[in-house]
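Q: Throw the hints in and build the complete structure from the sequences for me.
Number of protein chains: 6
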Amino acid sequence: MWCYEKRLMLPINIKNKNPRLAKMILTQFGGYASELGAALRYLTMRYTMPTDEGKALLTDIGTEELAHIEMINTIVLQLTEGATVEELKAMGVESNYVEHGKNMFPVDSNGVPFSAKLFAVSGDPIVDLTENLAAEEKARIVYERLMDLTNDPDVLAPLSFLREREVIHYQRFGELLNKYNKMKNERLI
Amino acid sequence: MWCYEKRLMLPINIKNKNPRLAKMILTQFGGYASELGAALRYLTMRYTMPTDEGKALLTDIGTEELAHIEMINTIVLQLTEGATVEELKAMGVESNYVEHGKNMFPVDSNGVPFSAKLFAVSGDPIVDLTENLAAEEKARIVYERLMDLTNDPDVLAPLSFLREREVIHYQRFGELLNKYNKMKNERLI
Amino acid sequence: MWCYEKRLMLPINIKNKNPRLAKMILTQFGGYASELGAALRYLTMRYTMPTDEGKALLTDIGTEELAHIEMINTIVLQLTEGATVEELKAMGVESNYVEHGKNMFPVDSNGVPFSAKLFAVSGDPIVDLTENLAAEEKARIVYERLMDLTNDPDVLAPLSFLREREVIHYQRFGELLNKYNKMKNERLI
Amino acid sequence: MWCYEKRLMLPINIKNKNPRLAKMILTQFGGYASELGAALRYLTMRYTMPTDEGKALLTDIGTEELAHIEMINTIVLQLTEGATVEELKAMGVESNYVEHGKNMFPVDSNGVPFSAKLFAVSGDPIVDLTENLAAEEKARIVYERLMDLTNDPDVLAPLSFLREREVIHYQRFGELLNKYNKMKNERLI
Amino acid sequence: MWCYEKRLMLPINIKNKNPRLAKMILTQFGGYASELGAALRYLTMRYTMPTDEGKALLTDIGTEELAHIEMINTIVLQLTEGATVEELKAMGVESNYVEHGKNMFPVDSNGVPFSAKLFAVSGDPIVDLTENLAAEEKARIVYERLMDLTNDPDVLAPLSFLREREVIHYQRFGELLNKYNKMKNERLI
Amino acid sequence: MWCYEKRLMLPINIKNKNPRLAKMILTQFGGYASELGAALRYLTMRYTMPTDEGKALLTDIGTEELAHIEMINTIVLQLTEGATVEELKAMGVESNYVEHGKNMFPVDSNGVPFSAKLFAVSGDPIVDLTENLAAEEKARIVYERLMDLTNDPDVLAPLSFLREREVIHYQRFGELLNKYNKMKNERLI
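Quick note, the sequences are listed as chains U, S, E, P, X and D, same order.
Oh and the first sequence: position 103 is 1265 in the numbering used here, straight run, nothing missing.
Oh and the second sequence: position 87 is 1249 in the numbering used here, straight run, nothing missing.
Oh and the third sequence: position 167 is 1329 in the numbering used here, straight run, nothing missing.
Oh and the fourth sequence: position 2 is 1164 in the numbering used here, straight run, nothing missing.
Oh and the fifth sequence: position 3 is 1165 in the numbering used here, straight run, nothing missing.
Oh and the sixth sequence: position 124 is 1286 in the numbering used here, straight run, nothing missing.
If you are wondering where the hints come from, they were derived from the structure by calculation, not from laboratory data.
Backbone N, C-alpha and C fix where the C-beta goes; we use that ideal spot for every residue, glycine too.
Any given hint might turn out to be false.
Unchecked claim - Chain U stretches covered by chain E per the calculated footprint, using a threshold of three residues with CB under 8 Å from any CB of chain E:
#1 1254-1260
#2 1270-1278
As the list claims (entries may be wrong) - Each pair of labels, with its calculated beta carbon distance range:
#3 K1344(D) with E1215(S): 56 to 66 Å
#4 E1248(D) with R1334(P): 31 to 41 Å
#5 K1179(D) with I1330(P): 35 to 45 Å
A: Written as structure tokens, this is what we have:
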């Protein structure tokens, strides 16, 4: 079970609104490389990791991804805060207002809702860790693309932080995969 | 952000395998009344609750639903544990083995993957709390149906607990809705 | 069975084209709070309402929602009528022309097609009427948002009428729910 | 708008339960050749039919398909009526009970929910009538397959009736298509 | 099995970028009338064609549709080539960059991913050929709409070629359907 | 463009029908690790591979996956051939007959249709090759699971062949990834 700690993993303080950018960033809530997909992937996969270390790593990273969702949501909220309906219309993003008012939803940058089809759990530890390497790489590149869309330092800071975390997760999953491949060769798993 | 506490919200100890029942119970992971849908619904909605009390209630219940997912997953795992491929075939549920091995996935009882289309976030507190009342009621009835499928006390105990939690959440959301309706009438929100 | 009466529930006469607004209004044909979802929800649910009164209410409102679909479609058609391809491109809504020409489709305001995942039928009258209260509230708020997007009185009139109908349906479903809750307490259903 | 007439298009009186067959027949509520898809297809398409005769034909057949939905639903209900949970489990169809109790949902024979992706509206009368010929043929063959699954005359009678209606609709759409092709050649549409 | 021949079915040489048009043309990769849907439809259907001639025709046209996918992809790439992020933003199409960088994906013109729900395979040759007539007509009209969006001759040439191929496929499927209808009347199939 | 060679990549000759197994094997046509997903993934990704060698490898393997689809389809057909409706009903797999007659469709082992959401194309060569490693691993494990379901040597032979091909593709993609990583470090790509 989880307990909630009332603070963001990294403080976010965006001063300039940009609802169009917010619409793009939403993809990290509900798109193919989203934090939601990552959290669900790892927290589900952990059950068939063959060692306690593996289960713990998946649980830890999955739990961290929940905190990333919260960061993404906060970025989106702050980028939209105070935008008038007229401003949303001028930017061609009034559909979010129609559907979710001042709030948001797990969708990609075109507004397509999140689906569990966007990630996979095979139940095999070697396969699943390889899936995770791909997942972290996909998240990394999408963060890089989002960073290309803006030069607002208040937005770049959390995006850069989140990008960096994906790189670290990639390394951690890689280490575990090496360990499991070795164990598999030795018929220990 | 969240921290993980390494224990289930309620201990689960199922001694008799029943993978067919497991397939049905999976719907509370990925179906229309699933704990996953509930967690996402509340943790997203909270941003437009107009009071700190509302934000906190949504966060608390959303966080609890994450623990419910974990309970559902554990029930499914224990009901499947040790089942041979021949047993799965005899019960007509070998598709889960094909797709996810000994693990699982957020699907409904027919194997249809979870979609964010299964829940709604309107961004209006009155509307969203009404949505939550319906969500809790839907979860309650699905738990009652699942309980109709078995008389194994090891399974009935956690299902009954989860059902009971939905009833309590329904009451809590109802109280907040009343408060917000009153505030709305007084033009405070 | 149904017979068709060749008139709109409310006459609609829009003089100024606005295909961008039309794209937004389409969500009431195919989005999460759509008239199509409402019609299907009620016309399916009615089978397990425990009294003739309940079956009749669900049938009546479900049938009315079919008329609302027709109104939404007419609004969308009139808002698009006579728009040239160049005008559609200038407004960023040429995708509807590509996909459906001068006609339309049940999609949300981002163009995502309607899915039955957007509504639920539990088969329990108490649960289903609670679902309906939420459905009517969601439809109401989306109409209010759509009304925020325009000050064209020709569009506001039918949107306001449709919004008002949702409020009335909410009341009717609430009355039936109270009746059923009372009957349930008296073990009559 | 529509008015409801409280009778089935054809009386249905099924005496022997068969919930497994019911699950298959559900596909005509929510599958690729479903009456729901047909109703939505025709009632949406009608707006861009170039003549009053065309608009009327699409409206009439679309309205009739609504009555067919009601027939399908009634068949499914009667085939399931009185089945115990144990009977449903023995037949491998307890998932419907879990999800919808004694009621039903627009799904295909595997339980996949209806989606508007299952039909198309192009906005061109020639194209759309060709789409309709295909739709009617698909519905016909699915009815023939369903009839292959049973020899219960109480079920065969309405299935046969519905199959026959698709043949007639096919002819009517074909006649209109010929007329429109002729008009198109003469540059009248 | 297939072998790849390293050339396009028709050379494509687009000199002027137009990423907004590219987004629209993507629908012929992943939309309801897409080349991908066509290829899958024909290459799957062929197994239940009752004659070698029928199997061969379906295989040939299905294989050609694979070449059409390649043409569509090339058009989209050339229309996007060299566009800066600023240009994409100015045109309101930066979402493709966010999701797929300089590459693309099978989606419709709103960015909704391809689904097999967009086509049907009934397993009956008469029905399936009727489905194909509708498919070719739908593809034809979408090409005509896309041609309405541009007057760039470099884009019009391949779109016009692809449109023309659909007309020819329509004729070929029609001839086979006539043959099969005749054979069916003579009880040969 | 492609040319069709009228032979299977590996001859398949299954003598004993087993439609239940066929339903499971269908997941390699339309499931998350399907040959269809693989073909689409590689044939789309190739456009942003930075070298001719990379483009060629992706094209080759993508083209081979098309041949694998054909092998899967043939296995499914032969496993179903001659099965009566009564046999299908006895095995609980009559839904395929209802939907597709003697033919098939790209679905997973639960009958859920293929969606492009099941694979990803990021447009970055490093990321995409990592995605491919995961894809090949997922396909490998699903083939191993399918092989666990049967001891029919006529079925095991092609499944084993297909599994082996995934291992080889994994190696080829890994080699290219290493090369690209090296080039990236040297700032050549």
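Q: Hint by hint, say whether it matches the structure.
A: Hints, one by one, checked against the model:
1. Here's how the region 1254-1260 of chain U fares: 5 of its residues keep a CB closer than 8 Å to some CB of chain E, so the rule of at least three is met and the hint holds.
2. For the region 1270-1278 of chain U, the assignment as covered by chain E holds, since 4 residues bring a beta-carbon within under 8 Å of that chain's beta-carbons and 3 suffice.
3. Between K1344(D) and E1215(S) the CB atoms are about 57 Å apart, so this pair conforms to the stated range of 56 to 66 Å.
4. For E1248(D) and R1334(P), the Cβ-Cβ distance of about 36 Å falls inside the hinted range of 31 to 41 Å, so the restraint holds.
5. A C-beta distance of roughly 38 Å is found between K1179(D) and I1330(P), which places it inside the suggested range of 35 to 45 Å.
Of the hints listed earlier, there is not a single one the structure fails to meet.
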